[in-house]
Amino acid sequence: MGEVIVITSGKGGVGKTTTTANLGTGLALYKQKKVVMLDADIGLRNLDVVMGLENRIVYDLVDVANGMCRLKQALIKDKRFENLYLMPAAQTKDKTAITPTQMKKLCEELKRDYDYILIDCPAGIEQGFKNAIAGADRALIVTTPEVSAVRDADRIVGLLEAAGFEEPKLIINRLRPDMVKRGDMMDIDDMIDVLAIELLGVIPEDEKIVISTNRGEPAVVDESSKAGQAYRNMIRRLEGEEVPLMKIENIEPNFMDKLRVFFGLKARAK
Amino acid sequence: MDFLKIFGREDVSSKDIAKERLRLILVHDRANVSPKFLEMIKSQLIDMISDYMEIDENGLEVKLTRMEKDDDVTVPALVANIPIKKVKHLAKI
Ligand SMILES: Nc1ncnc2c1ncn2[C@@H]1O[C@H](COP(=O)(O)OP(=O)(O)OP(=O)(O)O)[C@@H](O)[C@H]1O
Ligand SMILES: [Mg+2]
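Taken in order, these protein sequences are the chains called A and B.
So the first sequence is residues 1 to 270, counted in the working numbering.
So the second sequence is residues 1 to 93, counted in the working numbering.
Hints are computed from structural coordinates only; laboratory data are not their basis.
These numbers were taken from a predicted model, which means no experiment stands behind them.
By construction, the Cβ of each residue, glycine as well, lies at the ideal position given by its N, Cα and C atoms.
Among the hints, a few may not be true.
To be verified - One-sided excerpt, in silico: chain B residues whose CB lies under 10 Å from chain A:
| # | residue |
| --- | --- |
| 1 | A18 |
| 2 | R21 |
| 3 | L22 |
| 4 | D29 |
| 5 | K63 |
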């Protein structure tokens, strides 16, 4: 029986789609897991483009939900990576084209055949969000080190807890060590401190993300990419391994002391 | 660090300002306190206190903030500033 993980954020543009693509690809490539990446951003589909699979779409999520095709007909198999599949969103419809009940049913079905179903959630807290979390077992929350993004992340934590999710985990994206060092960007501790949730990983700002998106091949496969390395670490943590935060240069002066705080232990009392 | 003092100071790093602003925003978000609710509290305070003192209703300020308890934990706090114009002469209680 597989696991459904939804990747949320509240605020738009903070890296949900990038994270879904990298985690999905990494789990298939490095952990030999059967993975479906499901784009729940109906009307604004992106995951297909980030994955370079945009030319292969025939059917989509809404077609499956409405019985226009079978599940397997809509799933696109990524030929580069064994065991990796994409369920594309519909582009010409809107969020109301599918219901939470339909999503739940779909996830149940996928769980029978795949190890991981990663759901790329749309921004916001409306119906698209409700659809995306409906069939999920666990939730990840992506934020950037900015007041507005962290505020929205906090809102999502509240909504997820209200929906019965236990311990959603935090992903901090686009951290800039140079800015943290000169005191112009909130650091990891600051964000864990205010949000009081556990950390899954930290991804540095990395131009390789843009380059890899240009090519349609996730940075996680790029050995020289720091963001890719951060995603590879996160994948191992998802699989239950204890992996220390990588040393992104100068993020934490007393880095070694801080390690204990992040792993194995609960981040903060609620 | 006293969080009330860090606003508007040039020598404070922008990330500390960000963190304090964020904390205050989240106090409001999490408490779900609307301006309307604060207005309600305000008018009831005025009603109650007016029996004993004459207060400057325009100067009255009620807000949600954060307060440090002795054990270094900060908690949300409702703070009221009530400027007094005149204490009414009441029979000694
Ligand atoms: N670590 C990073 N370094 C550099 N650029 C990044 C990083 N993470 C994301 N980006 C860029 O930020 C932009 C937004 O990322 P992405 O599309 O993944 O966000 P999203 O949360 O899915 O957005 P939306 O809410 O619109 O769906 C993209 O152009 C992406 O290339
Ligand atoms: Mg997206």
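Against the structure, the hints come out as follows:
no. : hint : result
1   : A18  : holds (5 Å)
2   : R21  : holds (6 Å)
3   : L22  : holds (5 Å)
4   : D29  : holds (6 Å)
5   : K63  : violated (18 Å)
Hint 5 from the earlier list is the only one contradicted by this structure; the remaining hints agree with it.
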